[in-house]
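Asks: Chains as they are written, first to last, in this note's numbering: chain A, 1 to 130; chain B, 1 to 238.
Hints are computed from structural coordinates only; laboratory data are not their basis. Certain hints may be false.
Listed next, the stretches of chain A that the computed footprint assigns to chain B, with coverage defined by at least 3 CB atoms under 8 Å from CB atoms of chain B [stated by the list, open to error]:
1) 37–43
2) 58–67
3) 82–96
Backbone N, C-alpha and C fix where the C-beta goes; we use that ideal spot for every residue, glycine too.
Read off the chains here:
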Amino acid sequence: MTTNENESYNRAFGARVGKSRPSLSRCVLLLQAEEKVHRRLEAAGDGPFLQPNPRSRQVSTIRKLREAIRAFEEIPQKSEEDRVNLLLEIHAIRQGYMDEETEPLPDEVEDSEPSDGEEEENDGLTDMNA
Amino acid sequence: MWMLYPFLDRPVSLVFMSPIGERLLRESEGFGGDGTWGSCPITQHKRVSPKQLYVIIARVRGTSVPVMWMIMQGMSADDYYLAFNAVLSPMIHNGWRAGYAIFDFEQAPVIALRRLLPHLQVRRLVHLKRSLSRKFRSFGLKGIFSSSALIRWWVNSFGNTALLPLAEVVSAMYALRNWIVRWLGQLPDVSRRAGQPSVRERVRVKIKKWLRYVERTYRRLYPPAQWNVYEALMEGDA
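If we strip away everything but chain B, and leave its shape as in the complex, we get (with noise of 0.2 Å):
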């Protein structure tokens, strides 16, 4: 079933969903989002070309199957929902009710889905860790990010929480803060050139940039309670 959504005053979206995807989702426990810019078809026609194949996978029997596809030209919540609404209001209406719902931290998808399923409960996880390596090596932090591994293993153990009890997140969290507060004890205390910061100095400052980008992104914007897995994964099916 190609269902075509040449909208007159809106970026084209083109949503596929089989009669298979349909009954799989139908059938599932909760599904997942995720956007690629990389593996969407292009046109010679910049204005119409798409930016994103954004697909829906479901959970279902214990097992993840992709069961929607969406070559998108826009990215606002309006396109989601016009993406989302063409498919999904006939299974709502019919009286589907989704489970929960996994998604990475973009905001427009969620917001258009809260539309459809005002109760819908939605987790972020996907790419984390991603997210978070990203951020630290934009900070200035990339050469001590490569040629560390202690490093990457301190960037990437503050995704790892989210596998931890849900109670236990915080007090991990802050068991990596005092960890990197040792470790850059250890770093040499001198300066390039006099009057300049330290190494160690300059370092500590974009760390601490970072870690205030974490506190405020991954602990108030969205609460541990909304991406960490520990129940799922304690209690999955593998």
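Same shape as in the complex, but just chain A (with noise of 0.2 Å):
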């Protein structure tokens, strides 16, 4: 970042950067990311720049995940049981990468909540009773 934009910058938010949120520094490492991105770019010509690792969890998950949901697909007479059983199985994949991950819980990410609908008219989904 030059002199001045960071002056810009320091004019519009009065530069006092919290202790426990990015300082701009992490914008010139920002830069520094996209300069590396760059380079690749240029190296690949018009092919992919980056490559997924095949061998990595996230790859593996898919795969597993893909191949849960085309068995379901080939059982000719699907029932609630296999639907079930199906949910079941993909949360096991998910939840087995998940925990290999660590991901943070719900609570400690702040983040945008979806706008409630209007009020519908209940359409069974809800009639627990059925």
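Relying on the hints, combine the two individually framed chains into one complex.
Replies: The structure is reproduced here in structure tokens:
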């Protein structure tokens, strides 16, 4: 970041960055990271410039999810039990990945909530006495 | 390229996209956006302190790359529009046509982008499971969510229906609804005090309320076609 750009930022935001928040030096790291991307982009020409690792946990999780869903699709007459079993399998596959990745608990992450829709007629999903 | 927008009567937004980011966005088959409140620089002046850091991530050549950062004070559709307009308008003017966009369930950025790109195909998925589980706990079901692995599976499975073929999503939701009816039947039908509803009945009422929320939010306001990712999962690059 140049001096002028830094001054522009300071004028806009008062320039005191909280201790627990990213500092302006992170912005410099950002620019350095972009420079690396640029170099890879130039080296790759028209081809892929960041290849996913075929042995990564994420890739193997996706492969397992595809296999589970394809097996489900091959069932000719799907029952409720088949659907529940598939959802159990998907949960287990994704949970295994999450456990290894140590995802932060939802409470630890601030995020926007979805907007509530207008109250609608109940079409049966909530008819739990049915 | 830093672009500073101290709008006279609007909250300040600081938008950053480098020429590399612009090139990647131009090449991308689609892009996504998400905001974070926890990783945003703050200032001593509350009046001008930013509220969030919003990041645009491009899907290009089989890889997701962050390409645009917006430090924003405001979070209305107008604020997003001013920030997007500053960077994307020249690209649109020069012939850029975005493929698709993936967002969470926040309305404002999508409303803003549609003003610039009226035919943009918008998908919503980000944080579906998190939104569902947070809402579930907010309905007075925090205890049962924490203590029962089966209930956590059940709640998360509503989010996992996004991975199923679109035609199967509603059937799966019904299967989950019927599963919880059977599960509730196993709870003790006894009251802690005479004249009060039983534990089973109290949990049933709260779960029914949550199911109604799921119904109106993720089937009507945002139909499954908007958040289903079956095709992306089965035909993606990974």
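Asks: Work down the list of hints and note, for each, if the structure agrees.
Replies: Structure-based check of each hint:
1. 37–43: Holds: 3 residues of the stretch 37–43 of chain A have a Cβ under 8 Å from chain B.
2. 58–67: Coverage by chain B holds here, the residue count being 6 at a Cβ distance below 8 Å.
3. 82–96: holds (count 8)
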